[in-house]
Every structure is written in C-alpha cells, then in structure tokens.
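Colleague: Given the coordinates of chain A, work out where chain B should sit on it, guided by the hints.
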Amino acid sequence: MAMAALRREGRRFVPLISPQPISAVQSSVISQEQAPQGVRSISTQVVRNRMKSVKNIQKITKAMKMVAASKLRAIQIKAENSRGVWQPFTALLGDNPSVDVKKNVIITVSSDKGLCGGINSTSVKISKALQKLTSGPEKQSTYVVLGEKAKAQFIRDSKDNIELCITELQRNPLNYTQVSVLADDILKNVEYDALRIVFNKFHSVVSFPPTVATVLSPETVERESESGGNLGVLDSYEIEGGETKGEILQNLAEFQFSCVMFNAVLENACSEQGARMSAMDSSSRNAGEMLDRLTLTYNRTRQASITTELIEIISGASALKG
Amino acid sequence: MFRRATSLLARPIISSARARTRPFSTDLPATEAGDSNFIENWKKLIPNIDPPKTPLSFMQPRPPTPSSIPTKLTVNFVLPYASELASKEVDMIIIPATTGHMGVLPGHVATIAELKPGVMSVHEGNDTTKYFVSSGFAFIHANSFADVIAVEAVPLDHIDQSLVQKGLAEFTQKLSSASTDLEKAEAQIGVDVHSALNAALTG
Numbered sequence: 001m002a003m004a005a006l007r008r009e010g011r012r013f014v015p016l017i018s019p020q021p022i023s024a025v026q027s028s029v030i031s032q033e034q035a036p037q038g039v040r041s042i043s044t045q046v047v048r049n050r051m052k053s054v055k056n057i058q059k060i061t062k063a064m065k066m067v068a069a070s071k072l073r074a075i076q077i078k079a080e081n082s083r084g085v086w087q088p089f090t091a092l093l094g095d096n097p098s099v100d101v102k103k104n105v106i107i108t109v110s111s112d113k114g115l116c117g118g119i120n121s122t123s124v125k126i127s128k129a130l131q132k133l134t135s136g137p138e139k140q141s142t143y144v145v146l147g148e149k150a151k152a153q154f155i156r157d158s159k160d161n162i163e164l165c166i167t168e169l170q171r172n173p174l175n176y177t178q179v180s181v182l183a184d185d186i187l188k189n190v191e192y193d194a195l196r197i198v199f200n201k202f203h204s205v206v207s208f209p210p211t212v213a214t215v216l217s218p219e220t221v222e223r224e225s226e227s228g229g230n231l232g233v234l235d236s237y238e239i240e241g242g243e244t245k246g247e248i249l250q251n252l253a254e255f256q257f258s259c260v261m262f263n264a265v266l267e268n269a270c271s272e273q274g275a276r277m278s279a280m281d282s283s284s285r286n287a288g289e290m291l292d293r294l295t296l297t298y299n300r301t302r303q304a305s306i307t308t309e310l311i312e313i314i315s316g317a318s319a320l321k322g
Numbered sequence: 001m002f003r004r005a006t007s008l009l010a011r012p013i014i015s016s017a018r019a020r021t022r023p024f025s026t027d028l029p030a031t032e033a034g035d036s037n038f039i040e041n042w043k044k045l046i047p048n049i050d051p052p053k054t055p056l057s058f059m060q061p062r063p064p065t066p067s068s069i070p071t072k073l074t075v076n077f078v079l080p081y082a083s084e085l086a087s088k089e090v091d092m093i094i095i096p097a098t099t100g101h102m103g104v105l106p107g108h109v110a111t112i113a114e115l116k117p118g119v120m121s122v123h124e125g126n127d128t129t130k131y132f133v134s135s136g137f138a139f140i141h142a143n144s145f146a147d148v149i150a151v152e153a154v155p156l157d158h159i160d161q162s163l164v165q166k167g168l169a170e171f172t173q174k175l176s177s178a179s180t181d182l183e184k185a186e187a188q189i190g191v192d193v194h195s196a197l198n199a200a201l202t203g
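As they're listed, the protein sequences go chains A and B. All the letters of the first sequence, read from the start, carry residue numbers 1 to 322 under this note's numbering. All the letters of the second sequence, read from the start, carry residue numbers 1 to 203 under this note's numbering.
Next comes chain A alone, as it looks inside the complex:
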C-alpha cells in the first residue's frame, strides 16, 4: 500500500517537470522518490541545497552589478573628458575608413575580464569582418589585440595574422602616459599604412555600438593629399616648425594615434562596465525567477512528503483496526 502511494507520488511529480534547466533537479528528486528506501525528507534536502546556491549566486551578481556601477561612474567622467582630444584630428584630416592601402593593421580593444555580455564578441566579429573587407590581392591585414578576451577568440582561427598581443591594460588606472607608451610600442613593432582601431563607443549604459577609427600613416596622408579627394586641402595648410613636411606629418600621425587610442581604451572600459552591469542585472533577475520556481517545488515536495506520512499512519491505523 505504501508502495502504491509512493508510485502515486512519483506520478504526481511528473507534470512538475518544467522545460527549465532545473529539470535535472526534478529528475533526481523523482529517482529518489521511486527508490524503495525511506523517502520522507531526503528529497526536500536536494531542493533546499539548490535554493541556497541560487540565492548565493543572486547575491554575488547583485554585488557585481553595484561594483560595476561605481567603476562606471568613475571612468565615465574620464572618458567624456577625453572625447575632445580626437576631434581636432578628424576636423583636420577627415575620416577615411574606405581608404585603399596595402598594409592594414586592425587594433581590437577588448576587456581582460569576462562576464560582460557580448561586447568582446561584437568587437571580434567586426574586426574579422573588417579584415575580410580590407584584404585582397597585394593587400594584407594583421591584428594587434588588446585584452585577454579577444586574444582567446582570435587565437582559435587567426593565429597567424596576430602581430602583437597586449593584456592587463587596466591593472593601473588608465592614463595618457601609459597609453602613449603602448601606442609607441605598437608603432615601433608594426608596419602599417592604415591603422584601424575597433572598440565599443560608450553612448549610455545600455548602448555601446562598435566603432572603427582610422589613423593613416604619414606616407598615406601625403599620397592622399596629393591625389586630391578628402585630404586634398591639406596642402593649403602652412607648416610651422620642423625641417620638412614629412617630419611634421610623422609627429602628427603618432600624436593622433596616441590620442585616438586613449579615447578608444577609455570608451571601451566604460562600455565594459556598462555591459557588465546589464549582464549582472539580468543574471540576478534570472536567479530570482529560478528561486521562485524552486520555492514552489520545495513546498510541493514538502507537502507531498507530509501527505505520504499521514497516509501511511492512517492506513496502518485502519489496518490495525480492521
């Protein structure tokens, strides 16, 4: 009789299987129910453990969201202040993303830490697409990777195209000196006609579109200005200081690169914190929903085991009487 009741209980649990990932819990609960041993409170233990771990995860993700929010506040000020620094260069030289050059170097800015949503994958996707766009006969594009996450993704299929990998950028708070040393390093080690920096520009906490900023080498600038077109007006500018125009253009290109890199790195850091905030927020919400479902399961399990006990007692008593 107890066995029949057991089997009835087992069948009652079947419709509780929801298509959510807690089905693993449900099936383990069921298998324990159908075991012939004592069944009264063991099953609730499993659900209770699960609930405890989900609640802990919810606390952790909530805390991570707060931390990301405070970091975002700090770095957003820096990023907004640095936005003025690349505008004069674009005002002078214009923006030529469709320039046709032989050696393209694609610099992908990404984060070192994970749990920040999809921004690193977006940057890598755009970089790979840019590489496809700018490659062709006699043209080559190579990568310079900043950040662990993009490095991990690139190493899988474009290992030969990676020139330089730089990680742990944010160990010390970002400042211009550090970025200019980094830019110097890149320029020394890499041959380029055009540098394309791919990063996520910070618009708001929920919007960080990928952006590509193009910096041309001094030779390319000369060539484009001579051939007319966008940079044709550059010739009308008088050059003060320095021996030759080439020297000034060289300094200009290097300065432009370091300024644009500085802004790119800051904006990407902001986007990373914003993405982490929204990822942790949705994770906490998800954990909350999971907790609700588990609570219902727990209550049902508990009530079912109480009912089982009652049935056993009553059937035992009625067997004795009758």
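I should point out that these hints are in silico values taken from the structure, not numbers from a laboratory. Note that the Cβ used here is the ideal one computed from N, Cα and C, for glycine as well. Some hints here could point you the wrong way.
[To be verified] Pair ranges (Cβ atoms, derived): (1) B:Pro70 x A:Thr167: 46 to 54 angstroms; (2) A:Asn161 x B:Lys44: 20 to 28 angstroms; (3) B:Pro70 x A:Gly246: 26 to 34 angstroms; (4) A:Val67 x B:Asp160: 36 to 44 angstroms.
Modeller: For chain B alone, coordinates are given in the frame of chain A:
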C-alpha cells in the same frame, strides 16, 4: 538597438548632402562620401552585420570658411583628460610653436604648427589667461577655428618656482653625465622643459 543605430548613422549623411558644395576639409563634405562608400562596401561584403560607426558621426561638422574675416577666433584647447576651452570665442591667442611664439588672429592663414614647451596666452577683451603647455600641436583652419592639442597644460600660478630650479639643476647634471643617446635625449628634453618653465615664470 540596431534600428536606432542605423537612424543615427543616416542623419549625418543626409545633412552632408546639403553640405556637398563646401570645398574645405574642415567642412567634411567628401569625407561623408567616404563614409557612405565604406558603408556600401561593408554592406556588399558583409550583409549580416551592421557596419560599425566611424568618428565622423560623433562630431559636429565645422562651419565653412566665411567670405569675410570674422571678428572672433573660436578656440578649442584640449588635453587628454579635459577640454580646457571648448569653442570659446576669443580675440587672439599666442602659441609657442617650435619656430617661436606665434600670434593667431581671426582670419589667420590655415596652418599646422608643432608646439614646444612654453606659455600659451589667450586674449579675450582685456583678460589674458596664460597656460604653460607641454608640447603638442596647433591647427589653425581657414574658417578662424583654432585647435590646440597639448598633453599637459597648467595655469602659470600653479607652478612652484623652487621645484623648477631643482628640476633644471637635476636634468642639467643628468645631461652632462649621460652616456647613451637615449639618456642624452631624455635629459635634453628635461632641460628644455625646465628652462622653458623658468623663462615662463620669470618672463
């Protein structure tokens, strides 16, 4: 989110269609065409992903060169960590170019000047603000817009005279004892900056 991104991208391109008659790069006409060129190429080759934004869509376009000389010079003085002056209308600025101090008035010819460490002064009516700038660049456009980009700038009253003297002595000593070219160059830069600071404070 992608719909908003494409509408954001559409706006500057449409405005540029009206601006196509302007001839100067400060007005960014052909660069808008370059932008749309890029987008077209992108869409042809990679139709599934939205094209990335480019810096042009985040900038205010500059006005064209007016036919008569404007009365005021519009100055943008930017540092990597702050925008000191953003589109401020002034009468004149004096910048420390490598060829010497240069005065810039409205209607100045378009120039690209490399800066050396020195004093930059901004004249507005009867007020003059002086900053000590480290090196950088200054772009003067034909439409009386001046962009000065420096790595560091401090108002003159924030500089400590005694520290300057100490620094100058230290770097002169380093210069005389430098062995490699790199050390010599570094020491020379230190000496240059400190002597410019000294001159700025005394002069």
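Colleague: Taking the Cβ atom of valine 67 of chain A and the Cβ atom of aspartate 160 of chain B, is their distance within the range 36 to 44 angstroms?
Modeller: holds, 38 angstroms
Colleague: Determine whether the Cβ-Cβ distance between proline 70 of chain B and glycine 246 of chain A falls within the hinted range of 26 to 34 angstroms.
Modeller: holds, 33 angstroms
Colleague: Mind checking the hinted window 46 to 54 angstroms against the Cβ distance between proline 70 of chain B and threonine 167 of chain A?
Modeller: holds, 49 angstroms
Colleague: Do the beta carbons of asparagine 161 of chain A and lysine 44 of chain B sit within 20 to 28 angstroms of each other?
Modeller: holds, 22 angstroms
Of the hints listed earlier, there is not a single one the structure fails to meet.
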